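Novice: For the sequence shown, this note's numbering assigns the number 975 to the initial residue and increments by one for each residue that follows.
Derived from the structure by calculation, the hints contain no laboratory data. As the structure is a prediction and not an experimental result, all values here were calculated from the model. Check each hint, because a few of them may be wrong.
To be verified - Pairs of lysine-lysine, DSSO-like flavour, derived with a Cα cap of 27 angstroms:
| id | residue 1 | residue 2 |
| --- | --- | --- |
| 1 | K1175 | K1084 |
| 2 | K1176 | K1080 |
| 3 | K1123 | K1084 |
| 4 | K1176 | K1191 |
| 5 | K1123 | K1191 |
| 6 | K1058 | K1080 |
| 7 | K1192 | K1123 |
| 8 | K1058 | K1083 |
| 9 | K1099 | K1192 |
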Amino acid sequence: MAHHWEILFRTVLLYLLIIVTFRLMGKREVGELSVIDLVVTIMLAEIASMAIENTDDHLIHSLIPIFAIVILQILFSFISLKSKRFRDLLDGRPSIIINRGTIDEKTMKKQRYNFDDLLVQLREKNIRNISDVEFAILESSGKLSVFKKEPQKKKKKSSQGDITMPLIIDGVIQEENLRRINKTSFWLRQELKKQGASEIKKISFCSYDQGEFYIDKKDES
975 MAHHWEILFR
985 TVLLYLLIIV
995 TFRLMGKREV
1005 GELSVIDLVV
1015 TIMLAEIASM
1025 AIENTDDHLI
1035 HSLIPIFAIV
1045 ILQILFSFIS
1055 LKSKRFRDLL
1065 DGRPSIIINR
1075 GTIDEKTMKK
1085 QRYNFDDLLV
1095 QLREKNIRNI
1105 SDVEFAILES
1115 SGKLSVFKKE
1125 PQKKKKKSSQ
1135 GDITMPLIID
1145 GVIQEENLRR
1155 INKTSFWLRQ
1165 ELKKQGASEI
1175 KKISFCSYDQ
1185 GEFYIDKKDE
1195 S
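Work out the full structure, taking the sequences as your base and the hints as a guide.
Specialist: The structure is reproduced here in structure tokens:
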């Protein structure tokens, strides 16, 4: 019976301690946790789990690393407030994925960020066409900040509500999407030749909407 009370006591104590720890870390949404916040969260969870399970081990052996992590976190947070260089080192810098309507593939590769990721996050913001985007910035939290083009910069506003299908991604024709719009790869190649983009493998992204193509060629390496 005493063993069960010991487990209950440790659970309540560590629960309250971890709540205090996260309060000291500052107010952030779960989706906005930085890398260091995530590391701290995982470490605290592991230490707390071991402390609850190993009742034979003195509780102080678990409290010491928890207090050490809290002190380090507060110290790093203070230094981050004073030093942008240190903050960039811990949290990383925002990366411009689309710059003035042009996709930056080098930045995407550096961030291990692919076109599927980009399209998903654009759809989450109710943006159906990459050609509508002036700037897209991948924040250090992993979220995508998007700035649309001004209305006068858009060539043509679509009257349809359906999603614009990508026809080429990373130099590969998306045959299934072509079938969805009742087109063929032969038609696509012929149309791209008219646009001066005959080499499919040199196209990083291509979409078609209301008779207009959006084509982004691969960066020259």
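Novice: To test your reading of the hints: which numbers does this structure violate?
Specialist: The structure breaks none of the hints.
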